[in-house]
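Student: Work out the full structure, taking the sequences as your base and the hints as a guide.
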Amino acid sequence: MTDERILEYLRSRSRVEPPGDLIGSVADVVAEAPQRRGVSWFALAPALAAAAALVAVLVVAVMPMDRMPRYGPLPVPPSGSELPTPTPLEQSGTVIDVAWDNRSDESFAITLSVNGEITAWAEVEPCSAHNLIVEASGPFSIGLGQRVDGSPPGGEPVIWSDIARESYDSAADPGQNELLVVIHANGAVSVVPRSGPATVIPSGNCEPAVHPAGALLEPGDQVELPAVDENGQFGTILVERGQDRAGYAEVAKTPGTFVIELFVQYTVDQLPEAEQFGRHDWALRPTDPDAENFFLIEAIDPVDGRGDSGPPQPRLGIYPGPEGEDVTLTEGWMAFEVSRREADLELELVYLPGDLYRTPAVFTVRAPGPPPAVVERSPAPGDPIYVAREGLPITVAQSAAADALFENLDTCSNPNAGYTVAFPDDWYTNTAVDGASACSWFTPEFFEVTDAGEVPPEVWLTIESGHGDIGYLGTTEVYLHEDLTIDGRAAQRVEFNPNPTGDPGHRIYHYVVPFGPDGGAGGTVIVSTDSDRADDYELARAVLDRLMASLEFD
Amino acid sequence: MLVERHATETYRLCAAIVGAPDARDLTQETFLVAWRELPRLRDIGAFAPWLRRICVSRCRNWLRSQRGVGGTASLDSEAGFADSLPDGRRDFRGAVEARAVLEPAFRHLNPDQRAVLALHYSMGYSIAETADALGVSLGAAKSRLHGGLKVLRSAIGSGEGAPEPEAAR
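Chains as they are written, first to last, in our numbering: chain B, 1 to 554; chain F, 555 to 723.
Misleading hints may appear alongside valid ones.
The calculated lysine to any residue pairs, modelled on SDA-like cross-linking and capped at a C-alpha distance of 25 Å, are [as the list claims (entries may be wrong)]: (1) F:704 to B:456; (2) F:704 to B:504; (3) F:704 to F:682.
Chain F is nowhere near these chain B residues, computed Cβ spacing over 10 Å in every case [stated by the list, open to error]: (4) 3; (5) 115; (6) 340; (7) 422; (8) 455; (9) 482; (10) 489; (11) 532.
It should be emphasised that the hints constitute simulated quantities derived from the structure, not laboratory data.
Glycine is no exception: its CB is placed at the ideal position from the N, C-alpha and C atoms.
Tutor: Structure (structure tokens):
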């Protein structure tokens with residue numbers, strides 16, 4: 001039985017016809033399910049009658065509420081106003097203190113759409129209420145738009161979530177063209193036909209709140225804070241600082257990373273009915289909002305199938321998680337992967353739960369400083385001896401065979417990654433194929449590409465380019481980790497075994513080189529050989545060194 | 555519209571990973587999660603790969619929940635088995651033999667290996683697309699492909715039934 005049988009079997013697994021009612025049944029299930037933002041704050045309109053909407057004018061009266069009361073009815077507009085008086089609404093629900101995070105330039109806008117086109121819009125602020133009088137005969141919709149950083153001021157807002165849009169038909173119900181829109185402190189929106197019944201709407205204190213005090217700089221440091229969602233506090237959270245780690249293999253997404261571990265424990269007084277809480281409510285970011293490449297880092301997904309490797313157990317999941325998921329739901333570890341290039345930034349942990357638009361809590365988790373070092377073992381017999389060779393910009397593993405191979409050279413170029421390398425004239429490389437750019441594979445054996453995207457088994461050396469890197473497990477045995485310069489770029493040369501316990505003889509040897517005009521922001525090149533691939537691993541390693549010595553970027 | 559456009563492919567991916575009998579439930583679960591999380595998706599153009607990642611995650615979770623559940627499925631219980639039988643121009647006996655040996659071996663792969671083989675070989679996604687769906691680097695995806703094929707090859711070679719599952723690296 002050959003590989004062809006295996007491949008044919010694998011292909012057969014997807015050659016199945018779905019049930020005839022699959023689409024219908026899926027659509028039905030989805031239609032009954034709430035979306036992540038929980039129950040729509042929009043009062044549902046009755047069934048709409050078909051009608052032609054020709055002209056609509058949106059009249060918005062802005063009544064900013066400077067100091068919204070903690071409890072009680074919404075304030076009425078100043079006397080003498082020509083605007084209709086908003087219907088007093090019952091105030092209930094837990095009022096939550098929301099920290100006023102002015103860092104973002106987000107602004108909100110109410111939009112009016114007729115026939116799918118935005119015909120009018122008005123900017124609104126949190127803690128404001130707006131009377132809308134829509135002069136339209138027929139269907140129209142009211143939406144919540146948000147203009148994000150970078151979009152032109154005064155420009156039409158970017159509607160980023162269709163959930164913030166509800167449809168009305170004034171022809172079916174004339175009362176629907178008078179609406180009350182309330183933008184709450186946390187950015188939630190309530191829209192109620194003013195002729196309809198009073199709707200219970202939670203409110204929020206618009207006064208800026210002090211962030212919960214505390215820092216998580218050292219392992220063992222703890223902070224406690226309220227667990228909140230749109231309805232208010234539902235419990236408390238204890239966060240404890242863990243260790244900084246050199247990294248986890250197969251998890252790293254950015255060049256040269258390290259990991260910050262945090263343990264989170266929720267004590268829940270009342271479980272939220274519709275909302276989720278857990279890992280995805282947390283992120284790391286630089287404290288300085290003007291830091292270059294300001295970013296949010298989310299915790300590593302613990303159920304990404306890494307078996308026993310990766311973040312420690314138990315791992316914080318997302319409540320309510322599916323049964324059988326290998327995480328605990330209310331407590332566990334989170335691991336945040338940080339680029340080593342960001343190690344000189346102060347970092348903070350951000351709690352941004354559910355649908356809250358403003359951050360209720362922020363804690364400093366790391367002061368600027370060197371990241372944890374990748375642990376190397378002591379040199380052992382059999383390790384390569386690196387020597388300098390005339391004309392080569394880097395040292396290379398001592399190898400007479402490799403020296404002989406490089407007496408006669410060929411060159412090739414990868415137009416996608418933008419590099420050129422020299423390789424032994426007796427060796428082979430690939431032209432561009434599906435799944436690999438030209439000049440990506442190198443081997444002394446002739447090979448043919450039989451499966452698109454599959455590296456032929458004859459290949460000894462591979463060059464991958466993209467936005468990725470390989471981090472290192474805490475248990476990885478590293479034999480070499482050297483910083484050096486490749487064509488003017490800071491690079492690393494590493495030899496390691498990712499699974500010394502399970503596969504003690506395995507070796508991977510690679511170079512990691514950022515490329516692109518920004519020396520890294522454009523991507524990364526990983527040039528590697530693997531003892532599982534190369535028939536003569538020591539020769540492959542030595543050839544790889546000489547190939548890297550010749551590498552030049554365009 | 556999104557359901558119409560993506561339901562069939564999602565179903566086939568589920569079938570490739572977990573088998574046809576459970577593909578329908580996992581397809582529904584995938585779309586439920588996608589619907590719930592859709593407001594978080596900022597680029598609607600990335601819906602297909604995003605949905606694929608959800609599907610793979612759901613399938614892997616389901617497989618993990620089945621650990622320890624006894625029993626083996628007969629070949630006839632697979633709804634897609636009849637469809638996968640080759641036509642008369644193919645080696646019918648060879649295909650049946652392959653399935654008789656490979657089916658148990660495939661079931662003993664760990665969820666990672668099943669997912670990566672299904673994505674790349676069953677569904678025909680590129681290595682890059684496979685790695686993206688799994689949330690791993692290209693090198694890791696290739697390593698898992700290599701490991702999964704190795705397990706299947708050894709199952710064929712030993713002829714002694716399915717091997718012990720390998721831990722993911």
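Student: None of the hints should be skipped; say for each whether it holds.
Tutor: How the hints compare with the structure:
Restraint check: the Cα-Cα separation between residue 704 of chain F and residue 456 of chain B comes to about 15 Å, which is no more than 25 Å; the hinted pair holds. For the hint pairing residue 704 of chain F with residue 504 of chain B, the CA-to-CA distance comes to about 18 Å; that is within 25 Å, so the pair holds. Pair hint residue 704 of chain F plus residue 682 of chain F holds up; C-alpha atoms about 21 Å apart against a cutoff of 25 Å. Against chain F, the non-interface label of residue 3 of chain B is violated: not every CB pair exceeds 10 Å, the least being about 7 Å.
Every beta carbon of chain F lies more than 10 Å from that of residue 115 of chain B, the smallest distance being close to 19 Å; the non-interface claim holds. No Cβ of chain F comes within 10 Å of the Cβ of residue 340 of chain B; the nearest lies about 16 Å off, and the non-interface call holds. At roughly 24 Å from the closest C-beta of chain F, the C-beta of residue 422 of chain B stays outside 10 Å, upholding its exclusion from the interface. Once the 10 Å rule is applied to beta carbons, residue 455 of chain B is inconsistent with being away from chain F; the minimum gap is 7 Å.
Every CB of chain F lies more than 10 Å from the CB of residue 482 of chain B, the least distance being 20 Å, so the non-interface label holds. The beta carbon of residue 489 of chain B is kept farther than 10 Å from every beta carbon of chain F, the shortest such distance being approximately 20 Å. Here residue 532 of chain B does not stay apart from chain F, with its beta-carbon only about 7 Å from theirs, under the 10 Å limit.
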